[in-house]
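Protein chains: 2
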Amino acid sequence: MSSRRTFIGQSILTAAASVALPLAGKSASLFSEKENYFGADFPIGVAGYTFAKFDVDQSIAMMKRVGITYLSVKEIHLPLNSSEEKIKSTIGKYTAAGINVYTVGVIYMRSKEAVDQAFEYAKKVGVNMIVGVPSYDLIDYCEEKVKAYDMRLAIHNHGPKDPLYPSPGDVYGRIKDKDSRLGLCIDIGHTVRAGVLPEKAVREFKDRLFDLHIKDVTIAAEEGKAIEIGRGVINFPELIKSLKKIQYKGVCSIEFEKDMTDPLPGIAESTGYFRAVLAAG
Amino acid sequence: MSSRRTFIGQSILTAAASVALPLAGKSASLFSEKENYFGADFPIGVAGYTFAKFDVDQSIAMMKRVGITYLSVKEIHLPLNSSEEKIKSTIGKYTAAGINVYTVGVIYMRSKEAVDQAFEYAKKVGVNMIVGVPSYDLIDYCEEKVKAYDMRLAIHNHGPKDPLYPSPGDVYGRIKDKDSRLGLCIDIGHTVRAGVLPEKAVREFKDRLFDLHIKDVTIAAEEGKAIEIGRGVINFPELIKSLKKIQYKGVCSIEFEKDMTDPLPGIAESTGYFRAVLAAG
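Quick mapping for you: the protein sequence lines, in order, are chains A and B.
Residue 234 is where the first sequence starts when you use this note's numbering, and the numbers rise one by one after that.
Residue 234 is where the second sequence starts when you use this note's numbering, and the numbers rise one by one after that.
Hints are computed from structural coordinates only; laboratory data are not their basis.
Among the hints, erroneous ones may be present.
One copy or two, it doesn't matter: identical chains are merged, so the pair holds either way.
Said to hold, decoys possible - DSSO-like, lysine-lysine: derived pairs with alpha carbons at most 27 Å apart:
| # | residue 1 | residue 2 |
| --- | --- | --- |
| 1 | 297 | 286 |
| 2 | 491 | 478 |
| 3 | 326 | 357 |
| 4 | 297 | 491 |
| 5 | 319 | 394 |
| 6 | 409 | 433 |
| 7 | 345 | 394 |
| 8 | 409 | 478 |
| 9 | 482 | 439 |
| 10 | 326 | 482 |
| 11 | 478 | 433 |
| 12 | 474 | 380 |
| 13 | 477 | 321 |
| 14 | 474 | 439 |
| 15 | 411 | 286 |
All values derive from a computational prediction rather than experimental measurement.
Turn these sequences into a full structure, and let the hints guide you.
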């Protein structure tokens, strides 16, 4: 990456930077689509829960501000029972803003009907992956669904108090012998709170790692609180080293759960920190 | 630095992080004073011009949000002709908020009276350095002043259109044989716009490098515009490598001149990026 940032390469960079890109829409961001990847195969995204207190237009404005173009849509912004028309208009807003809706979730599935709804919803949204939390007794049914829809289900871990999937290993143990479209969305904050190193977990479960929720936490214990990336205890250089080693091809979606009524500064600080580590890695 | 971020060292880190620090005031920042340095001898600050559209209280709120505790006060927030009472009350606000006012400026000096005023002002503020721009014919007078006040003057470069000091070399050439309290505040954005690599300039002028204004620019040419750190053409890993090599002991003050009516997200993104490069360096 450092070779990109030489004075010699600068005229090329400058030329690229001045070109408006399809994904970037009308954003004033300097990033080309390639640059958004910052030398890695994985772009930065946002997990929709970050914008829980804001509507779709406000979410888009914040994403444009930080130059992030990948989004995991949460049902807060597009209810699971939305009409096709509603789905079309909401997704259309994101697309028009240059935002790539790459998955939906986190969706909790506690009944067959909820599983049915989630897969139909994802299909209508037009994504090929759901981030979800199925009850144990629904995993076999989910396996049928991932086959029928040819869609991936990334199961999300939620830390020490999660009765189902406290850590990534609790997901992996239940899906490793099933269809390869069942996998993990590793939430690195909840992973650390469960006493597991994210940089180790992504290597250990690499064959089923579909998505990542990135964040930082104050301490590596149940009571760890959300904090800007770089201020907490997670070792981002090591995490990114692991992701590059396993040739991760998914998205790293920032899920910022501090200052939820005014999250933009924290999202921005987190984005800056993560980008610098990506660029250095 | 990476050794800090191991799981083994975590309990120590956690203990340190939970201690409220004098400089951090009531901020919820996780940084200890040491951590603000991120393994380097130089902390991150803000150049007051960044807050040109805001008052002192608003500036403080933004600095607390990003956990920055060093400030170069600009006369917008504390006029040069302020009474001692006014100076005391304004500086008192910063101090109460855990902010360390380490210098004043940029102050333009076009007459002996302006030089007199600047040094008296700095003395009353209680700093030992002025960031300023004296006309050529006032440099000798400034030399008398730095001796009389035992105070440093860091002369600021302002890029291709600056009639006096376009690049750091234009400052250095005029002060290198004078009292060692005359030196440079290298503005890395204007330096790049003048076609000079900041990582080279800080090494070349290390014996007189007193202060830094850090920022990024879209292109390395006169028309380069301010942009969030990490999005532009400046090579921050190389800059920080140079600063560590010369054992820089000053402050790296973010001067963010984009989105000046709503700068916090850009300040935050810039801070996150710079911190990550510092931590990696």
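- Task: Quick one: which hint numbers does this structure break? Sort them smallest to largest.
- Result: Hint check: 2, 5, 12, 13 and 15 fail, others pass.
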